[in-house]
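> Quick note, the sequences are listed as chains A and B, same order. Each residue of the first sequence is one higher than the last, beginning at 1 in my numbering. Each residue of the second sequence is one higher than the last, beginning at 1 in my numbering.
Simulated from the structure, these hints should not be mistaken for lab results. Being a predicted model, the structure only gives us computed values, none of them experimental. Positions of the beta carbon are idealized from the N, C-alpha and C atoms, including for glycine. Careful: at least some of the hints might be erroneous.
As the list claims (entries may be wrong) - The list that follows gives simulated cross-link-like pairs (lysine-lysine, DSS-like), each with its CA atoms no further than 25 Å apart:
#1 Lys210(B) with Lys30(A)
#2 Lys203(A) with Lys189(A)
#3 Lys205(B) with Lys193(A)
#4 Lys324(B) with Lys349(B)
#5 Lys126(B) with Lys30(A)
#6 Lys159(B) with Lys59(A)
#7 Lys205(B) with Lys194(A)
#8 Lys115(B) with Lys126(B)
#9 Lys205(B) with Lys59(A)
#10 Lys205(B) with Lys189(A)
#11 Lys324(B) with Lys59(A)
#12 Lys6(A) with Lys159(B)
#13 Lys30(A) with Lys209(B)
#14 Lys210(B) with Lys193(A)
#15 Lys159(B) with Lys126(B)
#16 Lys211(B) with Lys30(A)
#17 Lys3(A) with Lys159(B)
#18 Lys59(A) with Lys293(B)
#19 Lys210(B) with Lys189(A)
#20 Lys209(B) with Lys6(A)
#21 Lys6(A) with Lys210(B)
#22 Lys211(B) with Lys59(A)
#23 Lys126(B) with Lys193(A)
#24 Lys6(A) with Lys197(B)
As the list claims (entries may be wrong) - Derived Cβ-Cβ restraints for the label pairs, each shown as a range:
#25 Asp155(B) with Gly140(A): 39 to 45 Å
#26 Pro238(A) with Lys41(B): 58 to 64 Å
#27 Asn130(B) with Ser17(A): 28 to 34 Å
#28 Leu200(A) with Glu224(B): 34 to 40 Å
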Amino acid sequence: MEKVIKRPSTIPENAISGFCPGCMHSTVNKLIGEVLDELNVVDRTVEIICIGCGTLNLKYRENDQAVVAHGRACAVATGYKRCNPDKLVFTYQGDGDLASIGIAETIYAANRGENISVITINNAIYGMTGGQMAPTTMLGQKATTCPNGRDFNDVGAPVHMMDILNTLKAPVYLERVSCNTPANIKKTKAAIKKAFEYQLAGKGFSMVEVISNCPTNWNLSPLKTLEYMKEHNLKEFPLGVVRDRGGEIK
Amino acid sequence: MSRAFVKGGDAIAEAAIRAGCRFFAGYPITPQNEIPEYFAKHLPEAGGSFVQGESETASINMVFGASLSGTRCMTSSSSCGISLKSEGFSYLAAARLPSVICSVQRGGPGYGSIKPAQSDYLQATKAAGNGGFKMIVFAPSTVQETIDHIYEAFDYADKYRNPTMVLLDGVISTMMEPVVFPEPLTEEQVQAIKDSKTWALNGKKAGDKKKLITGGATEQSNMECAEMYEYWAEHETRAEEYLVEDAEFILTAYGTTARVARAVVDTLRKEGIRAGLIRPILVNPFPYKSFAKLDYSKVKCVIDLEMTIPAQMIEDVKLGVLGKAPIRTVLRSCGEVMTDDFALGGVKKIIEEY
Numbered sequence: 001m002e003k004v005i006k007r008p009s010t011i012p013e014n015a016i017s018g019f020c021p022g023c024m025h026s027t028v029n030k031l032i033g034e035v036l037d038e039l040n041v042v043d044r045t046v047e048i049i050c051i052g053c054g055t056l057n058l059k060y061r062e063n064d065q066a067v068v069a070h071g072r073a074c075a076v077a078t079g080y081k082r083c084n085p086d087k088l089v090f091t092y093q094g095d096g097d098l099a100s101i102g103i104a105e106t107i108y109a110a111n112r113g114e115n116i117s118v119i120t121i122n123n124a125i126y127g128m129t130g131g132q133m134a135p136t137t138m139l140g141q142k143a144t145t146c147p148n149g150r151d152f153n154d155v156g157a158p159v160h161m162m163d164i165l166n167t168l169k170a171p172v173y174l175e176r177v178s179c180n181t182p183a184n185i186k187k188t189k190a191a192i193k194k195a196f197e198y199q200l201a202g203k204g205f206s207m208v209e210v211i212s213n214c215p216t217n218w219n220l221s222p223l224k225t226l227e228y229m230k231e232h233n234l235k236e237f238p239l240g241v242v243r244d245r246g247g248e249i250k
Numbered sequence: 001m002s003r004a005f006v007k008g009g010d011a012i013a014e015a016a017i018r019a020g021c022r023f024f025a026g027y028p029i030t031p032q033n034e035i036p037e038y039f040a041k042h043l044p045e046a047g048g049s050f051v052q053g054e055s056e057t058a059s060i061n062m063v064f065g066a067s068l069s070g071t072r073c074m075t076s077s078s079s080c081g082i083s084l085k086s087e088g089f090s091y092l093a094a095a096r097l098p099s100v101i102c103s104v105q106r107g108g109p110g111y112g113s114i115k116p117a118q119s120d121y122l123q124a125t126k127a128a129g130n131g132g133f134k135m136i137v138f139a140p141s142t143v144q145e146t147i148d149h150i151y152e153a154f155d156y157a158d159k160y161r162n163p164t165m166v167l168l169d170g171v172i173s174t175m176m177e178p179v180v181f182p183e184p185l186t187e188e189q190v191q192a193i194k195d196s197k198t199w200a201l202n203g204k205k206a207g208d209k210k211k212l213i214t215g216g217a218t219e220q221s222n223m224e225c226a227e228m229y230e231y232w233a234e235h236e237t238r239a240e241e242y243l244v245e246d247a248e249f250i251l252t253a254y255g256t257t258a259r260v261a262r263a264v265v266d267t268l269r270k271e272g273i274r275a276g277l278i279r280p281i282l283v284n285p286f287p288y289k290s291f292a293k294l295d296y297s298k299v300k301c302v303i304d305l306e307m308t309i310p311a312q313m314i315e316d317v318k319l320g321v322l323g324k325a326p327i328r329t330v331l332r333s334c335g336e337v338m339t340d341d342f343a344l345g346g347v348k349k350i351i352e353e354y
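Bound-form chain B, shown alone (with noise of 0.2 Å):
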């Protein structure tokens, strides 16, 4: 464990270093470019290799050529350049091959703004790419959360042959905290985790059959990844569940705005109204179980928070309410970065209204 007092960019390469990750490939776009340039510098004293792409569609294929080696390899980017990655994310998930991609989510759409925002959540949860397949998707709201959940992601992404996304927004990736970072894995650790993929291209060797990995799909792959995107929302769902016991209005918001929406809730509470928090931890799977499972007897409204306009985390949340209250959204988009006293004065004035 080392103490440091970092910039969300740096942390993110840093911790992927730790976690094993030996390949990186980016382009540069804003507001995310600490972190390629953190690999940069590292991640050859680390014995790894870092390519600066010539496109954000070179780079996310070389991550998944380096993946065919078996090696732990990342990419990040933000929206518009998220977008074009879409299609590797895509051959990604066919070819199930595992891989970390850091998405900082800025404004939209087109170039939108270099300011932060939440303006991609529903093309990160519902459709990154052509075809159907779905990725887990982490969605920290602090620096701390930031580096555990990109150390985690690369054993996600290993345990199911799978592109994992850590979503978060500009916010985080320029924000400095204090954190504590976990200890790096050593260079034996890091090769013997690339040797167990069996599945990895390496040459055939006589005797063995051939080993083909290709972006194609067939029903039966099909299938068996949905069968996987069901375990998923069996057992792999994460939320953090804020005061919602005795609530009558229950906030939702993900990332950095659910930082936001949790003062809201303590400054309410303080006035005496009964105001708790859902806070996704990761958004795919969504963890619909924490809306079902509430006393609707009790809550008067859900108030959604989201850094994005039209509301988009929304579609999930009236998945999980399914009708039994009404919900509501206080919203910036943009750039425009949910404050307290916004949300505040947007959460009171729905509530004045119940």
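Just chain A, with the same shape it has in the complex (with noise of 0.2 Å):
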């Protein structure tokens, strides 16, 4: 008989997740090990981790990885990518890495283009931290550095990365998906592997915003964080496209 489902090849077999449970970091985990083993590149992949709750990806994944500077990622990519252009190398960061401490390094390598893709997970809190605001907190939402919920007149607005990355010219391919239904699932993984697929193709910079929850952090059940997100994050951070120049580009 085929086996027609499998773990992916990088995640590993005596592994148990230390993500909390509900989280939506084990779901990318896996989009991504599933996207390595189908276009079979695992022996050229090199991940660069954040500093947060993606940090934990050094325990979860089998593929070459460096856990580097926090906001860093995207910096250290591209030195990396620039030596070696031939492997596959994502960053894998969280809201407060890529968006408020790595805001630069982010844009700057979204700006300059660098053949490289960014999957970051937005679930509008620091997770890792326990619980602080994060640049994409919810107006109104509760954490421990904004007690009574986030004050647009103290802090100001989420601040929208994809948006921002969208004013730039070298970007070529930007989408926000969400692992909150079976069918947006599926979308994340096929955005993953669009995004991979351009850097193989040497189309340049991606990035794929996966908008996510955060059960402990947010005090809510795994199932009413699916119903906050619904309300919240998702009217506040719409999913889609927001850029595809792949088919522009030779």
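Now that you have both chains on their own, put them together as the hints suggest.
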């Protein structure tokens, strides 16, 4: 009998996920693993891991990896890719890493059109450090450093990295996805695959932003987080292709 | 070998390319702009990649990325720019990634002054970033020596899998001198060095274990590094000892100031004053032994000359002298360069007291 569904080769056999129950990081990890297997590129893949919950990837993925300074993944990926252009290089970053401390590194890597893929998990909170306000925290959403809810007059509105990058000329592919429904999980996988395929074809910079949840720090059950996302996060950050110029570039 | 009459900054970049450096990232800051400018023009010709980073922080992290690939790589900056890069130095040390850092000192603290100084000695030798790591720090005093040190620094970085610093000041980076360049490595040699780094990330091959390089540390990794630093202290110290055997007055200085101090020693000797010079060529590991082995029945005073106020290298000189002789200072700072006249006057004033 043919085995049609199996564990991706880059997810180790005996690994037990240390991501919180109901968190979408695990799903995205599985999807990346499936895409790497389908493209048969594990032997040329280098993953640049952020500081944050995403750092846990170092335990749950079996491809070559580096864990780098907070916010600097796109700069590190730039240096690596310029020296080894034949490798598949992707960063895995939280929204704090990408859009707060690393906003300059992200914007400039995109503006230079570095031939790398950025996968970012936007869960609207600092998860690893215990629930502080993120650049993407919803207006009114409570966090440990905005105990009365995010106040526009005090700290401004959520930062939309996709829209910022969409003002630049060089990026090739920008898409916002989520893993809140089976249909959206399929779309997330397709987006990751497209970003990697574009890189392998030498087309340039791509970013896939996964709108995600954080049951632990939102103080909600996993199922309740899905309702919250529908009401808030997915309205603030609507899903879909922001830019796809892959067809225009040979 | 090829002879040339070159500016320090250009010489640094040319020496690095000849040593097989194939990646450079940096951010503009005076007085070291000749270095990135030379790389921008000539590194692509050598098949390498130059990136002007959006900041010092981004630049040093690009170097981190380049080093992950096994490529010989480098950055350069000056004082306040070096401070911004200190995050990256610490991560390079934690990840045991070789790389060369050229630090061209200017005045400080803050943005200080754009003019030459030696204001970052303690930062370079004791705590170039968080976490208690160390680097081998070369301290050349001529353009020729800078070329030789840059060339050598890549070997040291690879040998110890550690960032390695070449510490100079704005005098050397902007001065022109006649030099001889070492032979460039061939493309085959450059590639062979890259290929020899079996720890570098290249993608996990079937049947192999994955490679993971992190900016993290453990007590075990701390102990391994401590052992390496002790080995350096035992085997890698380097100093020039000039006319010290019978000296009553020991001058000590590094870099540009050491050239001036040497001229002062020659003048004093002509006047019958028994003076000598200890010039640390590496400032980390520091040549404590050069001071420890002096004949203190003869030495009346040790005079530390630096272009920083308050003095910084004096902390190490004290550890070498261990109270066996008084230590005095002759200092300038923030772009007020140590001249022969100023140094001679200052040293003579001290000598008159003994």
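> Each hint should be assessed against the structure and marked as holding or not.
Evaluated hints:
no. : hint                                 : in the structure
1   : Lys210(B) with Lys30(A)              : holds (17 Å)
2   : Lys203(A) with Lys189(A)             : holds (19 Å)
3   : Lys205(B) with Lys193(A)             : holds (21 Å)
4   : Lys324(B) with Lys349(B)             : holds (21 Å)
5   : Lys126(B) with Lys30(A)              : violated (44 Å)
6   : Lys159(B) with Lys59(A)              : violated (29 Å)
7   : Lys205(B) with Lys194(A)             : holds (23 Å)
8   : Lys115(B) with Lys126(B)             : holds (23 Å)
9   : Lys205(B) with Lys59(A)              : holds (18 Å)
10  : Lys205(B) with Lys189(A)             : holds (24 Å)
11  : Lys324(B) with Lys59(A)              : violated (55 Å)
12  : Lys6(A) with Lys159(B)               : violated (43 Å)
13  : Lys30(A) with Lys209(B)              : holds (19 Å)
14  : Lys210(B) with Lys193(A)             : holds (22 Å)
15  : Lys159(B) with Lys126(B)             : holds (21 Å)
16  : Lys211(B) with Lys30(A)              : holds (19 Å)
17  : Lys3(A) with Lys159(B)               : violated (48 Å)
18  : Lys59(A) with Lys293(B)              : violated (52 Å)
19  : Lys210(B) with Lys189(A)             : holds (23 Å)
20  : Lys209(B) with Lys6(A)               : holds (20 Å)
21  : Lys6(A) with Lys210(B)               : holds (20 Å)
22  : Lys211(B) with Lys59(A)              : holds (12 Å)
23  : Lys126(B) with Lys193(A)             : violated (47 Å)
24  : Lys6(A) with Lys197(B)               : violated (34 Å)
25  : Asp155(B) with Gly140(A): 39 to 45 Å : violated (58 Å)
26  : Pro238(A) with Lys41(B): 58 to 64 Å  : violated (46 Å)
27  : Asn130(B) with Ser17(A): 28 to 34 Å  : holds (31 Å)
28  : Leu200(A) with Glu224(B): 34 to 40 Å : holds (38 Å)
Checked against the numbered hints listed earlier, the structure breaks hints 5, 6, 11, 12, 17, 18, 23, 24, 25 and 26; every other hint is satisfied.
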